[in-house]
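Note that the protein sequences, when read in sequence, are chains Y and X. Sequential numbering of the first sequence, starting at 1, is according to this note's numbering. Sequential numbering of the second sequence, starting at 1, is according to this note's numbering.
Quick caveat, the hints were computed from the structure, so don't treat them as lab data. Glycine included, every Cβ here is placed at the ideal spot set by N, Cα and C. One should not assume that every hint holds.
[Unchecked claim] Which bits of chain X does chain Y cover? Going by a derived footprint, with three or more residues having C-beta under 8 Å, they are:
1) 17–26
2) 35–48
[Unchecked claim] Which bits of chain Y does chain X cover? Going by a derived footprint, with three or more residues having C-beta under 8 Å, they are:
3) 192–201
4) 242–252
5) 401–412
Listed below, chain by chain, are the residues.
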Amino acid sequence: MELERIQYDNKIVKAFMIATVIFGIVGMTVGLLIAIQLFYPLFNFDFQYTTFGRIRPLHTNAVIFAFVGNAMFAGVYYSMQRLLKARMFSDALSWTHFWGWQLIILAAAITLPLGITTSKEYSELEWPIDIAITLVWVVFGINMIGTIIKRRENHMYVAIWFYISTFITVAVLHVVNSFELPVSLFKSYSFYAGVQDALVQWWYGHNAVAFFLTTPFLGIMYYFLPKAANRPVYSYRLSVIHFWSLIFIYIWAGPHHLLYSALPDWAQSLGVVFSVMLIAPSWGGMLNGLLTLRGAWDRVREDPVLKFMVVAVTAYGMATLEGPLLSLKNVNAIAHFTDWIIAHVHVGGLGWNGFLIFGMFYWLVPKMWGTKLYSIQLANVHFWSGTLGIILYALPMYIAGVMQSLMWKEFTPEGYLVYQNFLETSTKIMPFYMIRALGGFLYLVGVFLMAYNLVKTAYSGKFMANEEVDVAPLMKTQEAPGGYWHRALEHKPVLFTILAFIAIIIGGAIEMVPSFLIKSNVPTIASVKPYTPLELQGRDIYIREGCVSCHSQMIRPFRSEVQRYDPKDGEYSKAGEYVYDHPFLWGSKRSGPDLHRIGGKYADSWHYRHFYEPGEISNGSIMPAYKWLYEQSIDKSTTPAKISAMRTLGVPYPDGYEEQSIADLEKQAGRIAENLKLEGYEVSGDAEIVALIAYLQRLGRDVKVKEDVATGN
Amino acid sequence: MYKNILQSIDNVAIWPVISFVIFFLFFLLMLWWFFTIDKPYTDMMGRKPLEDSNLDSIDQTSNL
C-alpha cells in the first residue's frame, strides 16, 4: 500500500500551550489576591477596579476559560491530528480560533474589573463578547468536524467522541444561557427572570463544569495517559460506557445547585437522582484511568508525568464522588453557600484539570522539541508543592465550610441563634482562610517552576513546527473484527454528532420545558411590583460591583435562616418574589449575610455609613469600602432604555413610562437624600450610593405588604 | 403550586413516560452492545493512541 506523507501542525499546539501557562499564572495570581482579600480587606486597595466583587469573576473566568480552555485546545489539537491521522482541517481556522480566543480573554480582562458583567456565574461576559465566543466556538467546531471528515483513520477513538460532545454541548449551553436583551453596548438584561433564570443558569453552570472542564479532559486522559504509560487503556469497553452514560446523565443534574431554593421540588429531585447516578460512570472512568497503569506502577515513582496524571485521575474520582454527595438534600443543607463548595471545585480545578494539564505539558514539550525534560527533580518539586498546595487549600476550606454552616444553624436552649451576628461566624474562620491562601501560593509557585522547566527544556531542543509522518490513506473497505452498530456509527461522524446532540438535549428539554411555563402559572404575589427607576439603577450598581459574589438573595426554608434573616415575619424566599428579576441574584456563596429581607432592617444612614467604611459599623468586617459610590453619579440617561428593555422582557411598566422615569428617579433620590440630610449626612441625590440604598431598602419589602396570593394569570 | 404548573402542561403525563422510555432504551442498547462487543475490536481500538506517530515508534519507552 502506498503511504502518504503528511505533516501534523505542532505550531498551533505550542501557541495554545504558551497561552495556557501565561493565563494560568495570571488567573491563579488573581485567585491568590482574592483569597488574601478575604482576611485582609486592605488588599482591595480601596480601588474600585480591584475589589473582590469585581475580580472574583476575573479569577474564575481566567482559570476556566483562559488556563483550562487554552490547555484543552492544545490537548485537542495535538491528539486529534494523530488519532485521525490528518492535519487540522484548516490552518487559517486554527489561527482564527487561537487569536479569537485570546482576544475574548483580553476583553474579559478589561471588562470584568470595569464592572461590565451580567453577574451570571461563569457567564459574566456581556453580550458583544458572548457573540464573539459563539463565533470563535463555531470556528473551532468547523475545524474539528472538518478534520474528522478528512481523516485517514476508519475508527474514531473514544477521545474524539469526548471532543465532539464538548463542542456541541458547550455551544448549546452558551447560546441558551446567553439569551439577553441589550440595553447598550455593554449592558444587557437576561431574557429569563427569577426562578427560570436560576434554572437556566445552573443548567449552564453545572454543565460548563461537565463539558468544559470534564469531557474534553477525559478525552485528553484517554489519549495522553496511555501514551505516557505506553500501554493501552485498561478497558476500551468501559470507556465507551463511560462516554455515553456520562453525557446522557450529566445534563440533567444542574438543579442540584438550587436545592431548598424557590425552584419547584420536582426539578430539585430530578437533579438529585441524576447526580447520584453520575457516580457510576465517573468512577468507571476513574478506575479505567488508574487501571491503565497496572503493571506500570513502578514507573509512577520515577516519571513526573505519570505522577501528575495519577493524582489528577484520583482527584477526578474524589470530586465526582463528592459532587453527588453534595447533591443529597441533607448534605446540601449544610454545604450550600459555604466554603465547602469552594473546596470541592478546587479539588476538581487544581487536582483534576491542573494536574492533568501539567502532566500533559511535561510529556508534550520534550516530544515536540525532540529532547528530554530539563529537570526531573524540578518537576518533582512542582509535583509536591502542587500536591501540598491542594491539601492546604482544600482541608481548611472543608473545616471552615462545615464550621460556619453549623454556627449559622446553632440555637441556644431558649431558641435564639447563638451567633446572631453573621460577622461572628466569619471572623472565626479567618485562620482557615489564611491557610488556604498559603495552599494557593504553594500551588502557584509550582506553576512558576513548571514554566521555567518547560522553557529550559524547549531551549535545549529544536521545535518541530510540522511533524512529518507517513500514513496509509483511508480504505473504505478496511474492516476490523467485530464492533457491530457502534462501529458503524463511528464511520459517520455527522450522525454521531447528531446522536450525541440528542442525548444532551433530552435532559435539558425535559428539565426546562415545564419551568418555562412557570412564569404564567406560578402563584403570583400580587404585592410584588416592578422596581422603581432608582431601584433598577441601584440594582445595576449591585450587579456591577459583584455583590452577588458574597451575598445571596435566597432564604431557604430552614428555621435557622428565617430566624436570622427575617425574625419578625419568618418569611423564606418564594418563587413569586423574583418575577421581575432579570437576571436573578440568588448567589451561590455567603461570605456575608443573605440580603433578601434587608429592606427596612436598617436606616438609610446605616447603609450610608456602612458602605463608606464597613469596618467602622461592623468591627472586623471583611467587606471592602465602596467610597467611589459617593463620588460617581447615576447615569440617569440610561433609565428610559432600561425601563423599555424590561417591559420588552415582560415587566409591566405602563406604556410611555420611559418619559416619566427620570423624573420619578430624581424624586425618589431626592427623598432619600433629604432623609440622610436629616440625620446629618450631606449627599447629592445623583450619587450612586443613593440608588444602591434605594435598591437594598426595597429588597423583601413587597411581601411585607399584606400578602395576596392569587393563582393563575 | 407545583401541581398547577404540571397540570397546565398539555398531556403532562406523557413527559415522564417519554423520558423514562428514552432513558431505559438507551441503557438497554448500551448493555446489549457491552455484552456483544468482541475483544479483537476493543483491543484494536484501545491501541489507537499508541500507533499514531512516527516519533513514538522511535522512542517507545518514555520521554525522560
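Practice item. Of all the hints given earlier, name the ones this structure violates by number, lowest first. Key: 3 and 5
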